[in-house]
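Participant: Please build the complete structure, drawing on both the sequences and the hints.
What follows is each chain in one-letter form.
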Amino acid sequence: MRLKSAPYGFRGLLSGLMVRGLLWFALIGCGAVQAAVPALDSAKRSQLSQHEFWLLLNRYERDAWGRWRSHVVDESFFLSKEGLQDPQAELVATLKALYAPVRLADQHAQCVYPARARWLREQLQLTDLPKVDCPAFQQWFAEINPHHVVLVFPAAYLNSPSSIFGHTLLRVDPPEAADRGTSLLSYALNFGAAIDDADNSMLYAWKGVMGGYPGQFAILPYHEKIAEYNRLENRDLWEYSLDITPDEAVRMLEHVWELQRFDFDYYFFDENCSYRVLELLEVARPGLRLTQDFHLTAIPTDTVKAVQEAGLVTQVRYRASRERELLVREAELTEQERTWAKQLAEGERTLEDTEFQRQPTARRALIQDAAYRLLRYRATGKDRDTQTARRSYALLRGIQDNPPNPLEVTQPEVPELGHQSRSVTGTLGQRESRTFAEYGLRMAYHDLNDRLTGFPLGAQIEIAKLAVRQYEGGHWQFQNLELAGIRSMTPRTDLLKPWSWQVRGGLERVLDQHEQEVLVSHVSGGGGVTQAWTDQLRTFGLVTARLEHNRNFGAFLAPALGFNTGLLWHNTLGGFVLEGSGDYFHNGTVRRQFQATQQWDWDKNLGIRFSLRRDFTQGFEPVTEAGLALRWYFY
Amino acid sequence: MKRILLGSMLMAVSFGALAEAPGGPGCGWGNMLFKGSKGLPSHLVASTTNGSSGNATFGMTSGTNGCRTDGTLTYDGKPMLVVSNMMDELSEDMAKGEGEALTTYAVVLGVEPEDRAHFKSITNQHFAEIFSSADVTAEQVLAATLDVMKRDDRLNRYVRS
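Note that the protein sequences, when read in sequence, are chains X and F. Just so you know, we're using our numbering here: the first sequence kicks off at 1 and counts up by one. Just so you know, we're using our numbering here: the second sequence kicks off at 1 and counts up by one.
Treat the hints as calculated values from the structure; they're not laboratory data.
Straight line, CA to CA, 20 Å or less: simulated SDA-like cross-link-like pairs of lysine to any residue:
id	chain 1	residue 1	chain 2	residue 2
1	X	Lys342	X	Leu407
2	F	Lys150	F	Arg160
3	F	Lys35	X	Arg378
4	F	Lys96	X	Arg319
Facilitator: Right, dumping it as structure tokens:
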């Protein structure tokens with residue numbers, strides 16, 4: 001408290017003396033004298049409590065009936081009993097609490113709510129606030145020492161299409177991070193669901209999507225996040241340095257302290273990690289507007305785009321996953337050398353093997369590095385085992401003796417260059433002799449034909465896809481509603497042998513009588529293998545199973561086994577998919593389908609799609625359908 | 001209901017509750033090379049919840065005898081997470097003589113920027129001494145590193161005896 005800076009002359013002097021007196025009394029264990037809580041008139045109260053920053057700090061949003069309600073669902077976050085629904089009551093209670101006796105120390109409102117305190121102090125020129133020591137907050141704050149903020153985006157991992165949505169978190173660097181040349185000592189600021197580890201995997205996933213878990217902020221060492229994404233989940237990391245000033249970083253962290261331990265609603269689609277991260281940036285820089293476009297869904301790449309468009313990104317850095325590094329290393333080896341690497345990793349041969357020793361030194365360096373990487377890749381997520389540890393150690397000694405040339409991973413195109421996540425499609429088509437127009441909407445996100453930039457080849461995730469069709473003569477029909485459709489065509493290499501898989505479910509039309517389509521509901525899935533022939537060409541083969549409810553079938557549910565095989569080719573026009581599938585029902589029905597689709601990427605958010613398809617159902621004439629579609633990606 | 005993760009890190013707990021005997025198992029002293037990393041049971045889980053599985057320390061107070069009161073391995077009062085929690089990365093970087101974990105190690109040992117290249121080269125040369133076996137622990141790695149530094153003309157000034 002400096003008397004010079006007090007704006008109200010005598011009153012400032014008086015209050016300064018009062019604070020001193022207060023400190024003095026606090027020292028001798030008596031906090032009886034207090035500065036007065038300033039009385040606000042109702043206009044001021046109302047103006048401040050409706051201020052967008054106050055609403056943001058406490059996450060107030062209007063509900064469907066226009067009433068205020070906070071997203072922080074924990075009542076203990078609020079000082080007022082009505083705080084959850086009443087911004088003004090909370091404001092008044094906060095103001096009062098800021099003048100509470102200082103002996104509360106860490107429990108004092110100034111320590112518990114440093115961001116609220118700062119804002120109210122600035123808005124109301126509260127020069128007479130009691131001076132409180134907050135050892136817990138200060139220690140925490142000093143350890144993080146916020147100075148610079150980086151938005152971190154773990155990209156999609158092909159064999160986990162649900163990760164295609166990505167995730168965003170923040171990294172907070174101390175002032176010295178830039179000179180250190182390492183960010184492993186920085187802290188990550190993550191918003192995620194607080195998981196009950198008694199739940200099993202499926203329940204986790206379900207509750208994650210449906211909002212069954214509360215969300216919480218967490219601060220944890222950044223190197224753990226790298227280990228989690230780069231090593232454990234094989235996801236590349238993108239780090240976007242943000243143009244956030246040290247003062248703004250401080251304000252943001254003060255606010256994070258307020259939110260610690262408190263539960264938020266967490267929903268996979270909208271009130272998720274990315275939404276909360278954008279809110280924090282809005283707190284860092286009052287007046288910044290990033291969240292307004294994301295009330296229905298907040299897909300992490302879209303949030304990266306929002307941050308880019310706000311001009312906040314100063315620099316982008318790419319961190320390849322361990323799996324990608326291994327694949328890049330593998331690509332440098334011949335087939336024979338890959339076999340060596342595998343044998344070394346599996347312990348079938350050792351570095352002392354005479355045949356291995358006859359290889360040129362530089363080649364041996366690459367082989368043993370690949371072997372080491374493969375061994376560690378396979379050990380990830382498993383318990384430590386002595387044999388693997390011994391072999392790893394022997395390989396490390398070999399590497400130290402004969403180091404490989406540094407790995408050069410080409411940086412892929414930045415993910416935010418990818419197409420927008422929702423799309424509408426208008427199709428003109430011909431089904432045998434009948435012409436039709438079809439109108440489609442997809443809420444998210446990417447299929448095998450869509451523009452590839454920013455996405456991995458062979459991954460598809462579609463959520464809520466709907467189409468209606470109008471035949472010549474005005475006959476309208478509901479064509480399909482796919483709730484979810486996920487495909488993961490991950491190629492196998494000499495060293496890595498991932499499985500490919502797919503699953504989808506919803507309502508669709510199938511050929512039943514001559515040129516007649518019947519609407520059925522189904523769940524289908526399959527597993528198999530994918531082979532990469534070049535970077536742009538893949539073939540796949542899967543065994544499939546299907547469960548269908550069809551009103552023309554006798555049984556309520558009809559099971560089928562089948563196949564799905566095809567080819568993916570990313571050519572100069574765009575994505576091409578050629579595939580055939582068959583379903584052999586237990587009740588004797590056989591259905592086969594052949595389909596070719598080529599997309600022409602017109603620009604980032606516009607595509608033209610040609611498709612040709614032939615349906616065969618045993619006992620009926622086959623039906624051919626051709627279509628020309630215009631596809632627009634928006635939002 | 002036990003929650004893996006998150007909130008735990010925000011120092012909800014008092015320091016006293018976290019206190020750990022110096023050299024105790026939670027200190028990271030006993031962390032062995034090639035322990036590997038573990039996480040949530042599946043990708044699907046990880047990507048729908050974005051929860052995290054870490055139970056890292058978020059301690060603040062300096063302790064004595066190589067441990068902070070939260071039980072983190074320290075040297076000269078500074079946390080040595082790079083040794084106790086990033087041993088796999090560190091061993092690989094040191095075998096190759098380069099990498100971010102090795103840089104981090106130099107930083108936490110207080111090695112000035114102008115000596116870091118030298119530090120990397122020296123520790124690379126003495127890799128077999130610092131990581132002396134597959135079962136080496138964080139404590140042994142730190143002690144052996146200090147030993148190597150002590151014998152080096154440029155690096156011995158960083159070793160507090």
